[in-house]
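S.K.: The lines below spell out each chain.
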Amino acid sequence: MLLGRLCEAVGLPGQEGEVRAILREELGGRVDEMRSDTIGNLIVRKGPAGGPRVMLAAHMDEVGFLVSGFTKDGCLRFVKAGGTDDRVILTKPVLVGPQRLPGVIGSRPYHLETDKDREGPVKGDKLCIDIGCTSKEEAERKVKLGDPVVFDTCFAEFGEGYVKGRALDDRIGCAVLAEVLKQDWSVPVWGVFTTQEEIGSRGATIAAYSIQPEMGIALEGTVSADVAGVDNDGLVTEPGKGPAIGIMDSGSIPNRKMLAQVVGLAKQHGVPFQFRRTTSGGNDAGPIQRTQAGAATVTISVPCKNIHSPVAIASMSDFDNCVKLVGLFLKSVEGGFRA
Amino acid sequence: MDSQGFLKAIVEEAGVSGYEGRVGEIVRQAFAGLCDEVREDKLGNVIGLKKGAGSRGGPSVMLAGHMDEVGLMITMIDKRGYLRFSAPGIDPRTLPSQEVVVHAVKDLPGIICVKPPHLLKPEDREKAYKVEDLGIDVGLQEARVRELVNVGDTVTLARKFYNLQGGFVAGKAFDDRAGVAVIHECLLQLARMKHAADVYAVATVQEEVGLRGAAVATYGIVPDIGIAIDVGFGTQPGSDDHREIDLDKGPGLDIGGNIHPKILEALRKVASENGIAYQTVVTPGRSGTDAWSMQVTRAGIPTALISIPNRYMHTSVEVCSMNDIKKAGRLLALFIQTVDRSFVEGLVCC
Amino acid sequence: MKDLIRKFVEAYGPSGYEDKTRAVIQDEVEKYASGISVDVLGNLIALKKGDGTGKKIMIAGHMDEIGVIVLSIDDNGFLRFSNVGGLNPAVVLGQRVVFENGTTGVIGSERVDDLKDLKLEKLFIDIGAKNRQEAEAKVSVGDMAGFHLPMVDLGTRLVSKGMDDRIGCAVMALAMQRMGRTPNDCYFVFTVQEEVGLRGARTSAFAVSPDLGIALDVTRTGDTPKSITMAVGLGKGAAIKVKDASIVVHPKVKNLMTETAKKHGIPYQFEVLEAGGTDSGAIHMTKEGVPSGVISIPTRYIHSQCEMVDLRDVEACVNLLVKILEGPVNL
Numbered sequence: 005m006l007l008g009r010l011c012e013a014v015g016l017p018g019q020e021g022e023v024r025a026i027l028r029e030e031l032g033g034r035v036d037e038m039r040s041d042t043i044g045n046l047i048v049r050k051g052p053a054g055g056p057r058v059m060l061a062a063h064m065d066e067v068g069f070l071v072s073g074f075t076k077d078g079c080l081r082f083v084k085a086g087g088t089d090d091r092v093i094l095t096k097p098v099l100v101g102p103q104r105l106p107g108v109i110g111s112r113p114y115h116l117e118t119d120k121d122r123e124g125p126v127k128g129d130k131l132c133i134d135i136g137c138t139s140k141e142e143a144e145r146k147v148k149l150g151d152p153v154v155f156d157t158c159f160a161e162f163g164e165g166y167v168k169g170r171a172l173d174d175r176i177g178c179a180v181l182a183e184v185l186k187q188d189w190s191v192p193v194w195g196v197f198t199t200q201e202e203i204g205s206r207g208a209t210i211a212a213y214s215i216q217p218e219m220g221i222a223l224e225g226t227v228s229a230d231v232a233g234v235d236n237d238g239l240v241t242e243p244g245k246g247p248a249i250g251i252m253d254s255g256s257i258p259n260r261k262m263l264a265q266v267v268g269l270a271k272q273h274g275v276p277f278q279f280r281r282t283t284s285g286g287n288d289a290g291p292i293q294r295t296q297a298g299a300a301t302v303t304i305s306v307p308c309k310n311i312h313s314p315v316a317i318a319s320m321s322d323f324d325n326c327v328k329l330v331g332l333f334l335k336s337v338e339g340g341f342r343a
Numbered sequence: 002m003d004s005q006g007f008l009k010a011i012v013e014e015a016g017v018s019g020y021e022g023r024v025g026e027i028v029r030q031a032f033a034g035l036c037d038e039v040r041e042d043k044l045g046n047v048i049g050l051k052k053g054a055g056s057r058g059g060p061s062v063m064l065a066g067h068m069d070e071v072g073l074m075i076t077m078i079d080k081r082g083y084l085r086f087s088a089p090g091i092d093p094r095t096l097p098s099q100e101v102v103v104h105a106v107k108d109l110p111g112i113i114c115v116k117p118p119h120l121l122k123p124e125d126r127e128k129a130y131k132v133e134d135l136g137i138d139v140g141l142q143e144a145r146v147r148e149l150v151n152v153g154d155t156v157t158l159a160r161k162f163y164n165l166q167g168g169f170v171a172g173k174a175f176d177d178r179a180g181v182a183v184i185h186e187c188l189l190q191l192a193r194m195k196h197a198a199d200v201y202a203v204a205t206v207q208e209e210v211g212l213r214g215a216a217v218a219t220y221g222i223v224p225d226i227g228i229a230i231d232v233g234f235g236t237q238p239g240s241d242d243h244r245e246i247d248l249d250k251g252p253g254l255d256i257g258g259n260i261h262p263k264i265l266e267a268l269r270k271v272a273s274e275n276g277i278a279y280q281t282v283v284t285p286g287r288s289g290t291d292a293w294s295m296q297v298t299r300a301g302i303p304t305a306l307i308s309i310p311n312r313y314m315h316t317s318v319e320v321c322s323m324n325d326i327k328k329a330g331r332l333l334a335l336f337i338q339t340v341d342r343s344f345v346e347g348l349v350c351c
Numbered sequence: 002m003k004d005l006i007r008k009f010v011e012a013y014g015p016s017g018y019e020d021k022t023r024a025v026i027q028d029e030v031e032k033y034a035s036g037i038s039v040d041v042l043g044n045l046i047a048l049k050k051g052d053g054t055g056k057k058i059m060i061a062g063h064m065d066e067i068g069v070i071v072l073s074i075d076d077n078g079f080l081r082f083s084n085v086g087g088l089n090p091a092v093v094l095g096q097r098v099v100f101e102n103g104t105t106g107v108i109g110s111e112r113v114d115d116l117k118d119l120k121l122e123k124l125f126i127d128i129g130a131k132n133r134q135e136a137e138a139k140v141s142v143g144d145m146a147g148f149h150l151p152m153v154d155l156g157t158r159l160v161s162k163g164m165d166d167r168i169g170c171a172v173m174a175l176a177m178q179r180m181g182r183t184p185n186d187c188y189f190v191f192t193v194q195e196e197v198g199l200r201g202a203r204t205s206a207f208a209v210s211p212d213l214g215i216a217l218d219v220t221r222t223g224d225t226p227k228s229i230t231m232a233v234g235l236g237k238g239a240a241i242k243v244k245d246a247s248i249v250v251h252p253k254v255k256n257l258m259t260e261t262a263k264k265h266g267i268p269y270q271f272e273v274l275e276a277g278g279t280d281s282g283a284i285h286m287t288k289e290g291v292p293s294g295v296i297s298i299p300t301r302y303i304h305s306q307c308e309m310v311d312l313r314d315v316e317a318c319v320n321l322l323v324k325i326l327e328g329p330v331n332l
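Residue numbers (the numbering used here), protein chains in the order written: chain A, 5 to 343; chain B, 2 to 351; chain C, 2 to 332.
Keep in mind the hints are simulated off the structure, nothing from the lab.
A few of these clues could be false.
Below, in silico cross-link-like pairs of lysine-lysine (BS3-like), each with a Cα-Cα straight-line distance of 25 Å or less [as the list claims (entries may be wrong)]:
(1) C:Lys21 <-> A:Lys261
(2) B:Lys250 <-> A:Lys148
(3) C:Lys227 <-> B:Lys80
(4) A:Lys245 <-> C:Lys139
(5) A:Lys261 <-> C:Lys139
(6) C:Lys131 <-> C:Lys117
(7) C:Lys253 <-> A:Lys271
(8) C:Lys56 <-> B:Lys43
(9) B:Lys43 <-> C:Lys253
(10) C:Lys57 <-> B:Lys43
(11) B:Lys43 <-> C:Lys32
(12) B:Lys250 <-> A:Lys146
(13) A:Lys148 <-> B:Lys270
(14) B:Lys107 <-> C:Lys3
(15) B:Lys52 <-> C:Lys324
(16) B:Lys128 <-> C:Lys117
(17) B:Lys116 <-> C:Lys227
(18) B:Lys80 <-> C:Lys237
(19) C:Lys253 <-> B:Lys107
(20) B:Lys43 <-> C:Lys324
(21) C:Lys117 <-> B:Lys131
If the Cβ cut is set under 7 Å, some of the chain A residues that face chain B in the computed set are [to be verified]:
(22) Gly44
(23) Ser72
(24) Gly150
(25) Ile203
By construction, the Cβ of each residue, glycine as well, lies at the ideal position given by its N, Cα and C atoms.
Using the sequences plus the hints, can you model the full thing?
M.R.: In structure tokens form, the structure reads like this:
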């Protein structure tokens, strides 16, 4: 399954090559134009060259860590690439470097900590990765500064109709985009698998400038607070209840007409959907909206529980409905769109 | 003028973000002797162009070092003639008893005075000074102050350049006039080399307030490659932060999203082949330097970042090693020699 | 002047939902423009052409005001919300808000024993609905509301929600009315989404590509009891901005404004704002850089429902803007 392959590929911000290769292979021969640029975006056109350009963006990078130093006794110090809460990284196995050396992020034994010690979180900069080396010199021979570190998580089907995996944010968006690009369109659809979203939508900024779209849709694997202990008002999104349409986020407020059109199409065609009920977090729509003289944008996302952690959960029916909803919108702008 | 003399001249001059004119003038004159043309753009960036021997449409490399320094700005003149100020980016604890220069109708020397120990209670001495507690005394009566000083006037820390032991130097504004000195050194080296690429030597403005000068300079130049030279955290006595790099062990070459891996690889290769020691700085996200805004200008510029190790950053006693500065300049010149059309074409990711 | 200001400040228009405000402004300024257009983000661009011998100047004031956006509706008909632009929960508690369709509500709070614990997440909007169904008949998740309070005339001073930045828009409209012949092509851009990141100014400046940028916006004052340290005060004239978090005003633009004010006897004061930004923050970063500045209207109690301006300062700002636009611009 493409989504499974994407979730098991390693692609930290600035190092998305493995993910890009999978997508190139998947889409080769099935699209009208495909190229990369100097920041590593994979830019694909499906549809005619002329007409109102719609840019669809899904990011290939995931959050993780980079090796940033070595301790005297051979452990690896690391820094965050993208935002991960310190509290989810404790006692997890990781894969280090291009050779994917296994390592563990340890924690002090239960017996040696008091209840008072356990009151506060263990800060990331106090942690290190144990790959079994016993000296700095030995570790330096196996691992280089800047090597990527990701959690070792297998992709699998989960529960009924769900999947679990690493990096559903935003490999699920990439999988949605790949499905959309396999279909035929009468408007120029520019699908961009972007880089470095997690450190500031860097790839999208560059791609939007060069494509100059009229419209943009960011396809995300987005936040959900549908976990134990959160009351009904605070769930933000609920996997299984349909793709989540953004109402506002830290980078953009959706274009009113475009938003109304997307919502109208969902209702008209009976596609389940929900609103993303928070204004926190940003995505590639922001830079698309403010590129050059501006564009109309919305965000349509697959809700994922537990993102920015070793493992996340998403619903495959949300995935299918997301592909469907994007498709309905693309069909609806064939005659043009006045924002 | 050699690079140490150039560095001394520019760090001793005043140039707070947005008011870099006086430093810019020194840079302009120095670059004029080493470049084919020098100009100033709309926001005050000083841009020197040293043309390469390549045919028209040859590759271009932009080097950026920022000439603005952190400083103070007058926010109010109080009733006793003391000047209240803002000091973004400066630890207020480094300001008591600091001599300053107020750039008013004319330059006025000033001192940030505080109460002496005799008049302090023990608890007072446990509290850190905040900007709101401080004021600048220029030794004039309020009426005379108001004639000479306006709200909005800039103020720099008064500090001359010091030669310490072993080629180490101290002073204010090495962040990032050390970077501008690296560019100067690079131009000196290039004067004796053949290179195909056009070189844009840019002393940028307003980096400290938002990486602003580099963004507009890059938009105008549209180079094939952009390299920023800024300062990095140098190992300080008593610190055990693993992100620091050592002084006098060679420049830092950053790795991370802001840096194109092929440019980094080429810099490392040139360094190894020419016996120039370097250190690696892991920069996972926003680098906080001109490279960050250069990279996403227009349709994207492949960038790299060189970090000169610097102790006591954003104070008036920053310390760097002249050896690191010279090595970085030489490394850049040798790298520029290797830049041709096919290197640039190879920067598109596959 | 007061009527025009009243029409502008009382209009509904949180960031992204400026349509009603734009209609009010367009109605007022259309007759003074040689060309008028609206772009994809909703910026209103009114051109007053010069005689062709001068520069291209972009004048920007933002139409959007701060507000709230509905995140969820509970079973009892209460609405949870997030902020649009900067909101202080202490200033918002107990206030009236209004939605685009006229639905009005008040902002209430969960039990909070110590004001230090007051956060936006503990607040809700009560539109008087008895249950979810009744609420959903009037509002939806994603709807935005702005503050709801009429302007008050204190004589020389006016108080209203939305002075930020409808007073800037009013200064621009009055300048368009009053200015005479000019060598300069003057693009009066009533921008969108300034409160959420100077977004409208950024894209409109790219399209206009001016030689000079001038924003009209509010700035705070230091003239209330035990206030922050700041030199700006009501009644002391147009504030010529030197710096804020989004821009260090080009010294030549600051000098142009200062010299113009001195030459025409217009009262002025200098302004340094330690936080906050304006549309010029975006304009000056356009393409290869655009020398830009800001004429600020001193305003007390910014980002509350009771922002206060002094009409003498407003008059000074209009005069200063007009004189700059009418003159040759040599930077």
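S.K.: With reference to the structure, classify each hint as holding or not holding.
M.R.: Okay, the hints, checked on the actual structure:
1. Taking the CA atoms of Lys21 of chain C and Lys261 of chain A, the gap is about 15 Å. The hint holds against a cut of 25 Å.
2. Between Lys250 of chain B and Lys148 of chain A, the direct Cα distance comes to roughly 19 Å. Compliance with the 25 Å bound is thereby established for this hinted pair.
3. In summary, the hint linking Lys227 of chain C to Lys80 of chain B is supported, as the alpha carbons are separated by about 15 Å, within the 25 Å threshold.
4. Taking the CA atoms of Lys245 of chain A and Lys139 of chain C, the gap is near 23 Å; set against the 25 Å cutoff, the hint holds.
5. Proposed proximity of Lys261 of chain A and Lys139 of chain C is supported: the alpha carbons are some 20 Å apart, at most 25 Å.
6. Note on Lys131 of chain C and Lys117 of chain C: the hinted pairing is violated, with a Cα-Cα distance of about 31 Å set against a maximum of 25 Å.
7. Note on Lys253 of chain C and Lys271 of chain A: the hinted pairing is violated, with a Cα-Cα distance of about 56 Å set against a maximum of 25 Å.
8. Our distance criterion of 25 Å between C-alpha atoms is met by Lys56 of chain C and Lys43 of chain B, whose separation comes to about 14 Å.
9. This hinted pair checks out: Lys43 of chain B and Lys253 of chain C have alpha carbons roughly 11 Å apart, not beyond 25 Å.
10. Between Lys57 of chain C and Lys43 of chain B the alpha-carbon distance is near 15 Å, which keeps this suggested pair within the 25 Å criterion.
11. About 34 Å separates the Cα atoms of Lys43 of chain B and Lys32 of chain C, which puts this hinted pair outside 25 Å; it is violated.
12. For the hint linking Lys250 of chain B to Lys146 of chain A, the alpha-carbon distance of about 23 Å falls within 25 Å, and the restraint holds.
13. With a C-alpha separation of about 16 Å, the suggested pair Lys148 of chain A and Lys270 of chain B falls inside the 25 Å cut-off, and the hint holds.
14. For the suggested pair Lys107 of chain B and Lys3 of chain C, the alpha carbons sit about 43 Å apart, so the restraint of at most 25 Å is broken.
15. Simply put, Lys52 of chain B and Lys324 of chain C have alpha-carbon atoms about 45 Å apart, too far for the 25 Å limit, and the pair is violated.
16. This hinted pair checks out: Lys128 of chain B and Lys117 of chain C have alpha carbons roughly 23 Å apart, not beyond 25 Å.
17. Restraint check for Lys116 of chain B and Lys227 of chain C: the C-alpha separation of about 23 Å stays at or below 25 Å, so the hint holds.
18. With a C-alpha separation of about 17 Å, the suggested pair Lys80 of chain B and Lys237 of chain C falls inside the 25 Å cut-off, and the hint holds.
19. In summary, the hint linking Lys253 of chain C to Lys107 of chain B is supported, as the alpha carbons are separated by about 17 Å, within the 25 Å threshold.
20. Note on Lys43 of chain B and Lys324 of chain C: the hinted pairing holds, with a Cα-Cα distance of about 23 Å set against a maximum of 25 Å.
21. Among the hinted pairs, Lys117 of chain C with Lys131 of chain B is consistent with the structure: their alpha-carbon atoms are about 23 Å apart, no more than 25 Å.
22. Taken as an interface hint, Gly44 of chain A checks out: its beta carbon lies about 4 Å from the nearest beta carbon of chain B, inside 7 Å.
23. Annotation: interface hint on Ser72 of chain A holds; nearest CB of chain B at approximately 4 Å, less than 7 Å.
24. Nearest Cβ of chain B to the Cβ of Gly150 of chain A: about 4 Å, under the 7 Å cut. The hint holds.
25. Interface restraint check for Ile203 of chain A: the shortest CB-CB distance to chain B comes to about 4 Å, inside 7 Å, so the restraint holds.
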